[in-house]
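Asks: Sequence:
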Amino acid sequence: MKKWLVSLLALVAISGASLTSVNHGTSAFAASKSKLTGKVLAVGSTALQPLAEQVGERFSSAYPSVQVTVQGGGSGAGLTQVQAGSVQIGNSDVFAEEKDGIDASVLVDHKVAVVGIAPVVNTDVSVKSLTKSQLKKIFTGKVTNWNQVGGKNEKIVLINRAAGSGTRAVFEKAILGDATAATAQEQDSNGTVQKMISTTPGSISYLAFGYIKGQSGLKALKIKKVSPTTKNVEKNTWPIWGYEHMYTKGKAKGATKAFIAYFHKSSVKSLIKKLGYIPLAGMKVDRTASGVVTKK
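According to the numbering used here, the sequence shown is numbered sequentially starting from 17.
Keep in mind the hints are simulated off the structure, nothing from the lab. These numbers come from a predicted model, not from an experiment. Any given hint might turn out to be false.
Within a straight-line C-alpha distance of at most 20 angstroms, the following computed DMTMM-like cross-link-like pairs (lysine to aspartate or glutamate) qualify [unchecked claim]:
#	residue 1	residue 2
1	Lys285	Glu250
2	Lys189	Asp116
3	Lys312	Asp302
4	Lys273	Glu69
5	Lys127	Glu69
6	Lys289	Glu73
Restraint-style ranges between C-beta atoms, simulated for each label pair [stated by the list, open to error]:
#	residue 1	residue 2	range
7	Ser145	Gly307	19 to 27 angstroms
8	Asp116	Ala200	18 to 26 angstroms
9	Asp194	Lys127	23 to 31 angstroms
10	Ser282	Pro80	15 to 23 angstroms
11	Lys158	Glu69	35 to 43 angstroms
12	Glu73	Lys300	29 to 37 angstroms
13	Gln83	Lys171	43 to 51 angstroms
14	Val308	Asp119	20 to 28 angstroms
15	Glu73	Lys158	39 to 47 angstroms
16	Asp125	Ser286	21 to 29 angstroms
17	Pro217	Ala297	39 to 47 angstroms
Where a beta carbon is used, it is the ideal one built from N, C-alpha and C, also for glycine.
Could you build the full structure based on these sequences and the hints that come with them?
Replies: As structure tokens, this is what we get:
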């Protein structure tokens with residue numbers, strides 16, 4: 017009986033030691049996760065906002081001691097605020113060099129994805145494809161009825177993005193060039209434009225790809241019968257696209273650096289595609305701030 021009791025006590029001691037070892041290992045893992053602390057406030061592009069928000073949620077789960085907050089406001093607001101040092105990250109659809117009042121030399125560019133942008137209309141519009149010239153005439157106010165471009169007799173309701181919008185800047189650079197956009201109602205986000213187009217007969221605007229897929233009440237237009245697809249953006253066959261930038265004032269550090277790096281994890285690449293963005297690795301071309309496109 018004594019031998020049996022000694023053996024039992026020895027077994028309990030060994031089990032306890034093993035459990036302690038496991039607990040210590042778990043604590044060490046948790047400690048390594050909690051070493052990264054801080055706050056990251058990312059403000060700007062509403063085109064990038066859905067991706068930034070979802071990556072932020074994943075990042076916060078992996079690093080619970082870091083608080084990540086993502087807000088919209090437009091690319092101009094993001095660049096202005098990060099330059100002023102009031103936020104850690106300025107999200108933008110355009111290069112800092114393209115924005116008036118922004119000193120690009122004090123900012124560091126971190127590209128995280130590519131966004132495709134397409135002209136969109138309410139589903140009651142019968143037109144399916146336009147040329148760049150026709151789009152330009154519509155958005156400069158020279159064409160005001162759908163029957164002027166092969167559609168039915170219906171007034172065109174023009175909906176634009178507000179000044180400071182990176183989505184607007186990308187669209188106008190590709191379609192309008194140096195021409196001035198017609199006066200029209202302006203909305204401050206992709207989400208608002210999405211709702212307006214889907215509920216307004218005869219309306220036209222433009223949206224990031226991620227706001228078009230699966231949305232009832234609206235449809236994307238082709239340009240000269242070329243469809244707005246990921247493959248066509250990757251080859252530059254589709255002309256309206258831009259990089260999704262996350263700008264920092266100076267080099268990114270600490271939690272901000274880790275958050276930006278998180279966008280390049282293999283597990284996030286599938287999320288980028290799922291939300292309608294285009295991974296950088298898939299691009300067959302590069303584009304500079306001045307608009308020069310070269311093959312990779």
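Asks: Now look at each hint and say whether the structure bears it out.
Replies: These are the hints, each one checked on the structure:
1. Taking the CA atoms of Lys285 and Glu250, the gap is about 15 angstroms. The hint holds against a cut of 20 angstroms.
2. Restraint check for Lys189 and Asp116: the C-alpha separation of about 15 angstroms stays at or below 20 angstroms, so the hint holds.
3. Restraint check for Lys312 and Asp302: satisfied, since their Cα atoms lie roughly 6 angstroms apart, inside the 20 angstroms limit.
4. Of the supplied pair hints, the one linking Lys273 and Glu69 holds, its CA atoms being roughly 16 angstroms apart against a limit of 20 angstroms.
5. For the suggested pair Lys127 and Glu69, the alpha carbons sit about 16 angstroms apart, so the restraint of at most 20 angstroms is met.
6. Restraint check for Lys289 and Glu73: satisfied, since their Cα atoms lie roughly 17 angstroms apart, inside the 20 angstroms limit.
7. At about 24 angstroms, the CB distance of Ser145 to Gly307 agrees with the hint of 19 to 27 angstroms.
8. Distance hint for Asp116 and Ala200: a CB-CB separation of about 21 angstroms, consistent with the stated range 18 to 26 angstroms.
9. Take Asp194 and Lys127: their Cβ atoms lie about 26 angstroms apart, and the range 23 to 31 angstroms holds.
10. Taking 15 to 23 angstroms as the suggested C-beta distance range, the pair Ser282 and Pro80 conforms, at roughly 22 angstroms.
11. Taking the beta carbon of each, Lys158 and Glu69 are about 39 angstroms apart, inside 35 to 43 angstroms as hinted.
12. Distance hint for Glu73 and Lys300: a CB-CB separation of about 31 angstroms, consistent with the stated range 29 to 37 angstroms.
13. Between Gln83 and Lys171 the CB atoms are about 48 angstroms apart, so this pair conforms to the stated range of 43 to 51 angstroms.
14. Checked against the given bound of 20 to 28 angstroms, the beta carbons of Val308 and Asp119, roughly 22 angstroms apart, stay inside it.
15. In this structure the supplied range 39 to 47 angstroms holds for Glu73 paired with Lys158, their Cβ-Cβ distance being about 45 angstroms.
16. Between Asp125 and Ser286 the C-beta distance comes to about 24 angstroms, which sits within the given range of 21 to 29 angstroms.
17. Checked against the given bound of 39 to 47 angstroms, the beta carbons of Pro217 and Ala297, roughly 41 angstroms apart, stay inside it.
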